[in-house]
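Asker: Kindly produce the complete structure, drawing on both the sequences and the hints.
Listed below, chain by chain, are the residues.
There are 2 protein chains.
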Amino acid sequence: MSRKSKGRMSVAPLGAALILASGVWGAALAQQAAPEVKSHTTSPVPPYEPSLNVMPQPEQPGQKPGDPKLTPEEFAAANKIFFERCAGCHGVLRKGATGKPLTTDLTKKLGYDYLRDFITYGSPAGMPNWGTSGELTPPQVDIMARYLLNEPATPPEFGLKEMKDSWKVIIPVAERPTKKMNDIDLDNIFSVTLRDAGEVALIDGNSKKIITRVKTGYAVHISRMSESGRYIYVIGRDAKVSLIDLWAPTPNIVAEIKIGTEGRSVDVSKFKGFEDKLAIAGAYWPPQFVIMDGPTLEPLKIVSTRGMTYDTQEYHPEPRVAAIFASQYAPEWYLNIKERGEILAVDYSDLKALKTRSIDAERFLHDGGFDRTGRYLFSAANARNAIAIVDTKEGKLIDVIKSGGDKPHPGRGANIVHPKFGPVWVTSHLGDETVSFIGADPEHHPKEAFKVVQTVQGQGGGSLFVKSHPKSEHLYVDTPLNPDADIASSVAVFKISDLAQDKPKYTVLPIGEWSGISAGQRRVVEGEFNKAGDEIWFSLWNSKSQESAIVVVDDKTLKLKSVIKDPALITPTGKFNAYNTRKDIY
Amino acid sequence: MSRKSKGRMSVAPLGAALILASGVWGAALAQQAAPEVKSHTTSPVPPYEPSLNVMPQPEQPGQKPGDPKLTPEEFAAANKIFFERCAGCHGVLRKGATGKPLTTDLTKKLGYDYLRDFITYGSPAGMPNWGTSGELTPPQVDIMARYLLNEPATPPEFGLKEMKDSWKVIIPVAERPTKKMNDIDLDNIFSVTLRDAGEVALIDGNSKKIITRVKTGYAVHISRMSESGRYIYVIGRDAKVSLIDLWAPTPNIVAEIKIGTEGRSVDVSKFKGFEDKLAIAGAYWPPQFVIMDGPTLEPLKIVSTRGMTYDTQEYHPEPRVAAIFASQYAPEWYLNIKERGEILAVDYSDLKALKTRSIDAERFLHDGGFDRTGRYLFSAANARNAIAIVDTKEGKLIDVIKSGGDKPHPGRGANIVHPKFGPVWVTSHLGDETVSFIGADPEHHPKEAFKVVQTVQGQGGGSLFVKSHPKSEHLYVDTPLNPDADIASSVAVFKISDLAQDKPKYTVLPIGEWSGISAGQRRVVEGEFNKAGDEIWFSLWNSKSQESAIVVVDDKTLKLKSVIKDPALITPTGKFNAYNTRKDIY
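Protein sequence lines correspond, in order, to chains W and B.
Each residue of the first sequence is one higher than the one before, counting from 1 in this note's numbering.
Each residue of the second sequence is one higher than the one before, counting from 1001 in this note's numbering.
Bear in mind the hints are in silico, worked out from the structure with no lab data behind them.
From a predicted model like this one, the values you see are computed outputs, not experimental measurements.
Not close to chain W: a few residues of chain B, all C-beta gaps over 12 angstroms, as computed:
id, residue
1, P1101
2, R1146
3, I1170
4, I1210
5, R1213
6, W1247
7, R1375
8, K1402
9, P1446
10, K1447
11, S1497
12, G1533
13, S1562
14, V1563
15, Y1579
Simulated pairs of lysine to any residue, SDA-like, Cα-Cα distance not exceeding 20 angstroms:
id, chain 1, residue 1, chain 2, residue 2
16, W, K393, W, S349
17, B, K1095, W, P317
18, W, K396, B, L1354
19, W, K393, W, R582
20, B, K1352, W, D391
21, W, K393, B, K1355
22, W, K161, W, T296
23, W, K161, B, D1360
24, W, K402, W, N385
25, B, K1393, W, A353
26, B, K1352, W, D360
27, W, K352, B, T1312
28, W, K352, B, D1391
29, W, K355, B, E1394
30, B, K1355, W, D350
31, W, K352, B, T1356
32, B, K1355, W, S349
33, B, K1209, B, N1188
34, B, K1393, W, D350
35, B, K1355, W, T356
36, W, K396, B, L1351
37, W, K95, B, T1154
38, W, K393, B, L1354
39, B, K1393, W, T356
40, W, K396, B, S1349
For every residue, glycine included, the Cβ atom is placed at its ideal position computed from N, Cα and C.
Answerer: So, in structure tokens, the structure goes:
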């Protein structure tokens, strides 16, 4: 286990943007993209793509004497790069979150040379080496350094008019099938993000064949299933929401809408009486969420999340919606409002008199998941090394606790029955090798409830996801962002019964080797169980021009079961099993 | 009754800022201020007063080629004038509300000459004649016209730090008396705003003598009494909240705080168990409210009101808190969020998990009041000629109805028992002579409930307040903003029993004549009953350098009872009888 120390990450002074999930797909891609890069003599800036909806500004706002100038074309190109690569961690307005603030009072102190070099070489703590990886050309690094010395452009607002302009009902509800028109085992479909293709692949969990691929937004962040299981909602980083109808002869997109210029989260109404009725999507920019009609995506109610931080009570112009969770106890969604450090409970039973409850938690809230009963919600405030725990039955904060490691990044976390402490919820960490177990059964284990009952050491830092299943005896821990290639391309597995030991050992699954692919960084990310809970799927995620794969492992034997390969399987990242996602099984 | 048509107001194209209460004291003062004006050869711009907390900007934000320039001194002076005279109607960010928008896309089309002339001469619909009234000198009009062609300066945020920096507990709770230390009849005190003196006078309702005057914020907008009757909370237009302890040997200010740079509303917690515990104040800038500890004004929870308009669902950067009402049925305040058109119900029982309910109503919400039972809340959306009605027992919107006139301005309105329709709530209008009666007794008069059951004609437009009392047989209607001096200086009184007639007549009380003051515009404003309900007080409001007075009328006989004069009684406007205000009797 000496390898774990190799992946340990420490925090560097500026730009030490530990790449959490908000920006993680982009950043990790950058780190592995070197082989893709072409000559530096190509056009210094890519053409501006207005489809990304980041408006170029005819003049640089806030230009002051002495600020380095950019041409309008350079400004537009820098804006586009900042949106695609930087805003996830640093914020559209550069106020900082997972990444450090990059406001001009700070960047001007550091100066052009420092910025250029930092962008070029990155930092060991997570700021990608955009230059030496080849992801950005030297002229691009140059315009980014100059761009950062100018005031950020505030992107446009995106209200009801803009949403309605973007909204398309491709197949009206009346023209959709009234029963399932295919013989697919819908509960065992995997909705797989093909990040750089701007697509989602639906893969049959039984045959392991691609059923279909659908065009979605850019870099789909998550898939969520409607309560009936008929519909899949996906959201791209460009805040485009697509609705897939699984009852069609071949599942297809029946509606789509853009809800902003950047987004991460989508969910559905799950409370009794509201099944399949409503959906909600959260934006990073503008900082807002929108409640939509479930079957059509018609935007019904937009709510801004701008407001005060919970602790210092100062106004924040960009409090982003990081994650959304549907309650089973009330017609409510819980929204993690990242920069405010507040969990917002939104009651969707009356949109004309919208009830919300703004629960003080901790900055900067990111992702999280439920315990196995679906009652207790664990959310990571990763920049503060904390987990906020909410009782969704009582609708109340239970506690905010330290996670026991550096920068918890649970995804949705994992639920296991610990041999000593009973039901626990699990998170790994981005910043170190710690895997933390938090008691989640106050009824039978009141002493351990909502406390970190144990921490164990995994392969190293750079972990994004842990995963288990009620039928599994294992806990899987990925490490795709670990700088060590062996660690990044393999997965640690703990036997749950071993957790009674003081220093439990783990088995390393060499997923990269098993894939049969030898080229590329072969980052292995996001285990996802099938419905039966007897196999777990991992993405082997290479760059756009390289071969990727999905590697299926037999959970009982921990042996390779099959490798899914297809020329269309470009940059697979998140995978969402329809049944497990719908039932919050992880 | 031919005189009524004289006061009829119509809407002019731009700047037709019908002067509602947000800006009404300032605007009306301007219209009457001519005698005060000194030579135009005095300094063209007044010195900048940093105490007003509108930060001068070292450079003009958004300066574009061709924009007229202002020196930093001119910009600071224009900013100050805009804050004091214009922002109330047009908004700090000039997005418009009661007044028209003055964003640069509009002002540039109109051009410098148009703006200069409009500021100089005003419009018959309510834009004050700042130039010809002498309130602004020609050089001041010139800088204002140039200022409007430049982008507005966004004033600074005002968070917990700024509030705490401004917060003073002058007499700690432990050092305050534990029982009433004077023999004043506290229930019959009148808290009287001395607008231009930046003071509040406490007047003994029995002896009609000034008990004391206390230094407050600029142009105190309202006074509100704590549930026990011990404390008075006042808020100035500069968002300074002052807390007066009536138990002191001589009532005095025991705490103060600034909650922003512009404010209008303050209220207290009235629900059982929370009496005298909490206070809330609403700001115009920044758009936010703050919940404070009642006896000390310690700021506890700040909430931004920035968000989407209820109807077009577009982001508004400046949704102001126009009025606040305390529920007796729940630990809730109802806040009129002007530009959003939403009534926000704020539950103050748990500040760490603040519950709010955002009730869609109508733009642009202004003031309002309860029916006599305190259950039904009537709020004017005056720019849309509408009244939003909320059932505070059920916590629900009942309806939004047309008021029957042009720009309802109820103040808190008046409650009478109509001879035909039973209990009704009454509002007059700024834009015309209409007085509207709205059914408020669904139990015994279900057919008439929450409908305009009758409209009658008063003296003319320019009315701000109606008033009655459970013991009174009269309804009083002021018209201080009517351009006709006779109408502005008198009050119409309807005998309630006459309202059964088709076109009931009213009696005119020549309050101006009765005051014995002959100089000045002698605007008569805001009738306020004493606790016994047998006399009603009116402010005779002249300019700062002229004599003003309070005129007391015997309600039974409608005869002059007494005139309160005092050299210290400078620009009296709002008057708040302690008992009636506390018990919502109007």
